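Visitor: The listed protein sequences derive, respectively, from chains X and S. Residue 129 in our numbering sits at position 140 of the first sequence, with consecutive numbering throughout. Residue 176 in our numbering sits at position 194 of the second sequence, with consecutive numbering throughout.
Heads up, a few of these hints could be off.
The list that follows gives simulated cross-link-like pairs (lysine-lysine, DSS-like), each with its CA atoms no further than 27 Å apart [claimed, not checked]:
1. Lys221(S) x Lys101(X)
2. Lys6(S) x Lys188(S)
3. Lys101(X) x Lys133(S)
4. Lys50(S) x Lys14(X)
5. Lys17(X) x Lys48(X)
6. Lys50(S) x Lys186(X)
7. Lys6(S) x Lys133(S)
Hints listed in this document are in silico derivations from the structure and should not be mistaken for laboratory results. This one's a predicted model, so the numbers in the text were calculated from it and none came from an experiment.
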Amino acid sequence: MTIGVINYGAGNLYSVTNALTYLEKPFKMITGPQEMDQINSLIFPGVGSFAAAVNELKKRELFIPIKSWLDNNRPYLGICLGMQLLFSRSSESPEARGFGVLAGRVEKFRAKRIPQIGWNQVSWVKRNPLSYHLQGDPFFYFLHSYYVCGGKGQAPWTLGLTTYENNTYTSAVNLENIWGVQFHPEKSGPEGLQLLKNWLDWEGDRGANQENYSLPGC
Amino acid sequence: MLTKRIIPCLDVENGQVVKGTRFKDLKYAGNPVEMARQYYQEGADELTFLDIGASPQEKETVLELVKKVAREIFIPLTVGGGIRTKEDVARALEAGADKVAICTAALKNPDLITQGAENFGSQCIVLSIDAGFSDDTWYAFTHGGRTNSGKKAIDWALEAQELGAGEILLNSIDRDGTLDGYDLELLGEISSRVNIPVIASGGAGKLEHFAEGIITGGADAVLVASLLHYKQTSIKLIKEYLKTKGVPVRC
């Protein structure tokens, strides 16, 4: 089982790789398309602007390989911007297009304080492997100005909700093997590490195979 | 609901944590790695390391320290002190910092904020304002509180926000280490006029001060040094107290 971590030259990857090292999970940095052949699961920690990330990925010939990875429903965990890029549009960069594997859009907070910086809670809308061993509505570290907006009602990919000022928004998503979290599990203390471990262990057990999957208690 | 953050601040000189009063009279306060571990276990929401030594070797010591801490402590780490160029920002982030606090260099060269935000994202650029009262208002000071830049603290905060700073770390020089409480007027003036988060620093001496800084002063986070270093209180006690005052905290 090899984990790939996307490195497109912008993000601060060290916190993610430090967390993986701490959890004793071997990983490979992905800087170009060839390296995508050598991995089974993909973590995309994104920071910076939506358009800048798309442009950097294209420059490094990583955009299309990641898009096919997602289209083939291979295990993916997007963190922060890595989750937002699962959608096609963001009001941050109206001209840019993300991977577009989930239907929805990314909007800017209308809030007194932007960005949202700090620890906030996630309410899971369904039982799921990420929440294993985590009590109640766990706290995670958030740092963002844009959020995922599922439109009216709850989108089928909504996994977790968070309230910032007067706005309850989607802070975790899941569709089959594709996962995304708006917060930073790698910066969220023991609970964040547990969530990362949950994802890695879950993926390790079943890979891309959807069958024989039972929800752990939460 | 977003919770208010308690951020222990470790001033580092010669590889050791020190703490002074009004930016002077530094005293030894402990070993940085051990203190960082302890605060992490006690529920610190973030940690800040301020390199207050001046030498280039000192800079290396602090980066080595951050590197070590980042391998075992999984909360956001901020590094400040001596960040003068885009390259300094990159090196701090490479060492494992999530944010950098920039003070003097940003006043001398405001473009550093923009460059930092463009290259690494606004989220990692914390503008540190050392505010001192002079004549009839607060000014931003440089060089560890020794030199008045002539720029009003509020003007500088608003300007830095426009330039791309993601947060403001507001230090009151007059209250630093005094345990007299935060300068609520200063805090209120800045926090009510900017729309990026404000971290209050300088003066907390008892539990009530934290509640005041947050409720009256409008701070989004509080920096704590002396009180924790000298074991006058603990993160747990601060959070329990804030909870009784209706302040949302993570615990």
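Visitor: Look at each hint and say if it fits the structure.
Guide: Status of each hint after checking the structure:
1. Lys221(S) x Lys101(X): Answer holds: Lys221(S) to Lys101(X) is near 24 Å, not above 27 Å.
2. Lys6(S) x Lys188(S): Satisfied, since the Cα-Cα distance of roughly 21 Å is no more than 27 Å.
3. Lys101(X) x Lys133(S): Status holds; Cα separation ~25 Å.
4. Lys50(S) x Lys14(X): Roughly 19 Å between the alpha carbons, so the hint for Lys50(S) and Lys14(X) holds.
5. Lys17(X) x Lys48(X): Since the Cα atoms of Lys17(X) and Lys48(X) sit roughly 20 Å apart, the hinted pair holds (cutoff 27 Å).
6. Lys50(S) x Lys186(X): Given pair Lys50(S), Lys186(X) holds - Cα atoms ~22 Å apart, limit 27 Å.
7. Lys6(S) x Lys133(S): 23 Å, holds
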